[in-house]
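From first to last, the protein sequence lines stand for chains A and B.
The first sequence: position 76 = 76 (the numbering used here), numbered continuously.
The second sequence: position 1 = 238 (the numbering used here), numbered continuously.
Just so you know, the hints here were simulated from the structure itself, not pulled from any lab data.
Here a beta-carbon is modelled for each residue, glycine too, at the ideal position from N, C-alpha and C.
Hints may be right or wrong, so weigh each one.
Stated by the list, open to error - Okay, derived cross-link-like pairs now, DSSO-like style, lysine-lysine, Cα gap no bigger than 30 Å in a straight line:
#1 B:285 - A:231
#2 B:322 - A:97
#3 A:134 - A:93
#4 A:90 - A:130
#5 B:273 - A:90
#6 B:285 - A:97
#7 B:322 - A:93
#8 A:130 - B:322
#9 A:231 - B:273
#10 A:134 - A:97
#11 B:322 - A:134
#12 A:15 - B:304
#13 A:93 - B:273
#14 B:304 - A:130
#15 B:322 - A:15
#16 B:304 - B:285
#17 A:93 - B:304
#18 B:304 - A:231
#19 B:285 - B:273
To be verified - Examples of chain B residues lying across from chain A (beta carbon under 8 Å, computed):
#20 243
#21 245
#22 250
#23 313
#24 323
#25 326
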Amino acid sequence: MCSPVKTEMTESVQKGISENFSRELQSFFVLCLLNLVFGALALAFGMQFIVTAVLAMAGSGSFGIFPFLQGLVGWAATVIGFRWILSSVKVLKGVTKIRREYRAMEEPVPAEALTGLIIRMMAHYRENWKTLWKMNLFSMLGGCIFLALGILNLVQGISAAASGSVPAYTLIVQAGLTSGIGRSVFLSFFAAGINLAIGLASLLFSTWFRRYSRAWELRLIEASHSEETLKTTMEQS
Amino acid sequence: MAERRTPYEIFWEILVFCRTPRSITGIINRCDLNSKTGQEYLDFLTGKGYLSAVTEGERTSYISTAKAAEYVETFTRLYQSLFDKIPGFRL
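Generate coordinates for the entire structure from the input sequences, incorporating the hints supplied.
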């Protein structure tokens with residue numbers, strides 16, 4: 001029979017573990033959701049860059065190195081964005097199910113119910129560690145591409161401001177609008193801001209995925225050590 | 238079964254579920270096993286004395302024995318410590 005003090009300590013430890021689990025589950029869910037959103041943005045912006053580059057070259061009637069590079073980078077962003085979304089959906093599906101079950105439980109969550117969910121999360125990580133590695137890779141690649149696009153936009157804006165002229169493809173993008181070097185420069189810097197923000201966010205996601213994977217790798221190592229204890233328990237009983 | 242569990246994790250799930258008498262079909266469905274591996278696990282746990290098979294007519298049900306309690310408790314403690322001792326992930 002446990003003493004009241006020991007029972008209280010056990011309950012507070014149990015509560016702490018439950019809170020840790022809940023916070024981690026919530027954090028990972030949010031990360032997967034944000035990742036899905038940015039994957040969609042990468043896909044959308046990638047396609048937009050391709051269309052812009054094609055229109056620019058078609059309108060000017062000649063091959064432009066700047067639009068070509070932009071189209072190439074846009075294509076890469078589209079492919080990466082698409083693969084990014086597919087990976088995110090797979091992982092998000094599993095963690096959403098576990099989160100839903102946890103939230104349906106009444107507080108305080110019983111030790112065994114929590115252990116059951118921990119097993120599910122372990123199994124989820126074992127099943128999806130390769131996908132998480134891919135998401136880390138896509139976030140990093142997507143981040144680099146968007147940073148590159150942002151820098152391209154910055155260079156475009158600065159060169160337009162410095163030279164006083166406007167590149168032909170930018171004129172085409174602004175078709176129908178009143179022309180003006182100021183507007184062109186503003187749009188370039190605005191586009192640079194968006195691309196740089198998406199790029200930096202993607203690199204941040206990559207860092208977070210690595211941290212998540214590291215935490216679970218440690219847990220898997222610890223769990224494999226625990227198997228020795230469990231094996232001994234079974235042999236002795 | 239899409240997600241991967243170790244045998245020790247499956248043992249724990251079966252033993253906790255079988256605190257009340259359960260049929261093999263119920264165990265397989267609840268613990269997400271196929272018939273062949275499910276029966277292998279049940280035979281192993283019965284052989285170890287962790288499960289007791291109770292036959293009523295044509296129906297066989299399984300129930301955890303008192304011996305299983307130590308395993309369940311040890312496993313629960315070890316797995317909960319994974320969220321206690323190891324720094325977790327947080328945004």
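_Output the indices of the hints that this structure fails to meet, ascending._
6, 14, 17
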